[in-house]
Structures are given as structure tokens and as C-alpha cells.
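K.L.:
Sequence:
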Amino acid sequence: MQALAERTARALALAGGALLIGLGLLVCASVTGRALGHLSGAAWLPEGLAAWLGTFGQIRGDYELVEMGAAICVFAFLPFADVSGAHARVEVFTERLALRPWLERGWALVMALALTTIAWRLGVGTADKLRNGQTSFIFAIPIWWPYAACLVLACLGALISWIRLFGRAR
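In terms of my numbering, the sequence shown has 58 at position 56, counting the first letter as 1, and numbering is strictly consecutive.
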């Protein structure tokens, strides 16, 4: 079960990384398009080139897509951070303590409880967004869609965290 949890965490992190790269490319394309669009008004450019540059512009709704995608990325990365022990830690004092294994289990419990609480509240938020029909401003994307994606990822993260906690207890 531990190995499956670790493979799942790695797969989620890779998917989150691919999404993050896509979001970065979207931002680059939008900023480049905006800059090229502004060049179309330059008097020193040949008329044909200025007209062609005028066809470029900011990608409509880029902010909405980046906002939703970034939230999904965070929840895709959390299980891998737990599996790999990549959370921020200060080990100056605890490094040589005999209680270190117990401290590790304690922090694993805190992580499992935190992800479980986050998943629970995301479930409440998803139900609320579904019930009230809220949509994004530009694309009219139902807000519950990214909430639901984050909920699924948070549930997987909590499950992986609990599996790892009980694996450490043995």
C-alpha cells in the first residue's frame, strides 16, 4: 500500500508540474501578445507590419485560468511533499534527539489531520459553489469545477498521508 501511495503522489506531482508548465506558457503568450499589440500603434513601424501586430493581444481570461490552475497545482503537489519529506523543517535542535521517530510520527499525524480538515472544508465549499451556481466572470466556468478538482486532490493527499502515517507506526 505504501508503494502505491508513493507512486500516486509522484504521478499527481508530475501532472501538477505539467499543468504549471502549461500555465507558465499561457502567461508568456498573453504577455507577449499584449506587448506585440501595443507595438501596433508605433508610428515608426511599416503600415503592414503594424496592422499584423495589431492582431495580437492579451489572451482573454488568462487571469481566471491561471488562478484556477494554480490552486489545482498546489493540491497536486501536496501529497508528493508529504511522501518525500519536503515540508519545511527545522532540525537544528531535534536532529540528535532520541525522540526523533516520535516527533516524525507526530508531524505526520498533524499533516494527515490538516489535509483531512482541508478536504472536509473543500467539500463544504464545493457543495456551496454548486448550490449557488457561481461562475467565473469572463469564461463563465462554474466555480465548483476547480473546487471539485482541488477536493479530489486533497482527499487523495489525505489518504496518502494516512497510509504513510500508519506505515510509519509499524
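Accuracy of the hints is not assured; some may be wrong.
Pairs of lysine to any residue residues, derived as SDA-like cross-links and limited to a Cα-Cα distance of at most 25 Å, are as follows [what the hints assert, rightly or not]:
#1 K131 / L158
#2 K131 / A142
#3 K131 / T119
#4 K131 / E49
#5 K131 / I120
#6 K131 / M70
#7 K131 / T118
#8 K131 / V154
#9 K131 / A150
#10 K131 / G108
#11 K131 / E69
#12 K131 / E66
#13 K131 / A121
#14 K131 / L21
#15 K131 / G56
#16 K131 / V76
#17 K131 / R62
#18 K131 / L25
#19 K131 / Y65
#20 K131 / F79
#21 K131 / S86
#22 K131 / W104
#23 K131 / I145
#24 K131 / W147
#25 K131 / L111
#26 K131 / A73
#27 K131 / I143
#28 K131 / G50
#29 K131 / A110
#30 K131 / A151
Computed Cβ-Cβ distance ranges for the label pairs, DEER-style [to be verified]:
#31 G108 / R12: 20 to 28 Å
#32 L38 / N134: 25 to 33 Å
#33 R12 / P48: 49 to 57 Å
#34 V33 / F168: 21 to 29 Å
#35 A44 / W109: 30 to 38 Å
#36 T57 / I140: 14 to 22 Å
#37 R123 / S86: 22 to 30 Å
#38 R123 / A44: 48 to 56 Å
#39 A31 / G125: 29 to 37 Å
#40 G63 / N134: 17 to 25 Å
The set of hints was computed from the structure by calculation and includes no laboratory data.
Note that the structure is a prediction, hence the values are computed from the model and not measured.
Each residue gets a CB set at the ideal place from its N, CA and C atoms; glycine is no exception.
K.L.:
None of the hints should be skipped; say for each whether it holds.
P.N.:
Cross-check of the supplied hints:
With a C-alpha separation of about 21 Å, the suggested pair K131 and L158 falls inside the 25 Å cut-off, and the hint holds. Between K131 and A142, the direct Cα distance comes to roughly 13 Å. Compliance with the 25 Å bound is thereby established for this hinted pair. A distance of roughly 18 Å separates the Cα atoms of K131 and T119; the hinted pair therefore holds under the 25 Å criterion. The hinted pair formed by K131 and E49 fails the criterion: a straight-line CA distance of about 49 Å is larger than 25 Å.
Pair hint K131 plus I120 holds up; C-alpha atoms about 16 Å apart against a cutoff of 25 Å. Of the pairs offered as hints, the one joining K131 and M70 holds, with about 14 Å between alpha carbons and a cut-off of 25 Å not exceeded. Annotation: proposed proximity of K131 to T118 holds, straight-line Cα distance about 20 Å (limit 25 Å). For the given pair, K131 sits about 15 Å from V154 by alpha-carbon distance, which is consistent with the 25 Å threshold.
A C-alpha spacing of about 10 Å is found between K131 and A150, which places the hinted pair at or below 25 Å, so the restraint holds. Between K131 and G108 the alpha-carbon distance is near 34 Å, which puts this suggested pair outside the 25 Å criterion. Between the alpha carbons of K131 and E69 the distance comes to roughly 16 Å, so the proposed pair stays at or under 25 Å and holds. A C-alpha spacing of about 16 Å is found between K131 and E66, which places the hinted pair at or below 25 Å, so the restraint holds.
Straight-line distance between C-alpha atoms of K131 and A121 comes to about 15 Å, which keeps the hinted pair within the 25 Å bound. For the given pair, K131 sits about 23 Å from L21 by alpha-carbon distance, which is consistent with the 25 Å threshold. For a cut-off of 25 Å, the pair hint linking K131 to G56 is broken: about 39 Å separates their Cα positions. For a cut-off of 25 Å, the pair hint linking K131 to V76 stands: about 20 Å separates their Cα positions.
Taking the CA atoms of K131 and R62, the gap is about 24 Å. The hint holds against a cut of 25 Å. For a cut-off of 25 Å, the pair hint linking K131 to L25 stands: about 24 Å separates their Cα positions. Pair hint K131 plus Y65 holds up; C-alpha atoms about 20 Å apart against a cutoff of 25 Å. Our distance criterion of 25 Å between C-alpha atoms is met by K131 and F79, whose separation comes to about 24 Å.
The straight-line distance between the Cα atoms of K131 and S86 is roughly 33 Å, outside the 25 Å bound, and the hint therefore fails. Distance restraint check for K131 and W104: the Cα-Cα separation of roughly 40 Å exceeds the 25 Å cut-off, and the hinted pair is therefore not satisfied. Pair hint K131 plus I145 holds up; C-alpha atoms about 6 Å apart against a cutoff of 25 Å. With a CA separation close to 9 Å, the supplied pair K131 and W147 stays within the 25 Å bound.
Taking the CA atoms of K131 and L111, the gap is near 30 Å; set against the 25 Å cutoff, the hint is violated. About 16 Å separates the Cα atoms of K131 and A73, which keeps this hinted pair within 25 Å; it holds. For the hint linking K131 to I143, the alpha-carbon distance of about 12 Å falls within 25 Å, and the restraint holds. Restraint check for K131 and G50: the C-alpha separation of about 48 Å exceeds 25 Å, so the hint is violated.
A hinted pair counts as satisfied when its Cα atoms are at most 25 Å apart, and K131 with A110 does not qualify at roughly 31 Å. Between the alpha carbons of K131 and A151 the distance comes to roughly 13 Å, so the proposed pair stays at or under 25 Å and holds. At roughly 25 Å, the beta-carbon separation of G108 and R12 lies within the given 20 to 28 Å, and the hint holds. Checked against the hint of 25 to 33 Å, the C-beta distance between L38 and N134 comes to roughly 39 Å, which is inconsistent with it.
Between R12 and P48 the C-beta distance comes to about 52 Å, which sits within the given range of 49 to 57 Å. A beta carbon spacing of about 47 Å between V33 and F168 contradicts the range 21 to 29 Å that was offered as a hint. As the Cβ distance of A44 to W109 is approximately 57 Å, the hint placing it in 30 to 38 Å is violated. The supplied range of 14 to 22 Å is met by T57 and I140, whose beta-carbon atoms lie about 20 Å from each other.
At roughly 25 Å, the beta-carbon separation of R123 and S86 lies within the given 22 to 30 Å, and the hint holds. A hinted range of 48 to 56 Å for the beta carbons of R123 and A44 is consistent with their spacing of about 51 Å. Taken as a hint, the range 29 to 37 Å holds for the pair A31 and G125, whose Cβ atoms sit roughly 35 Å apart. For G63 and N134, the hinted distance range of 17 to 25 Å is satisfied, since their beta carbons lie about 21 Å from each other.
Violated hints for the displayed structure, listed by number in ascending order: 4, 10, 15, 21, 22, 25, 28, 29, 32, 34 and 35.
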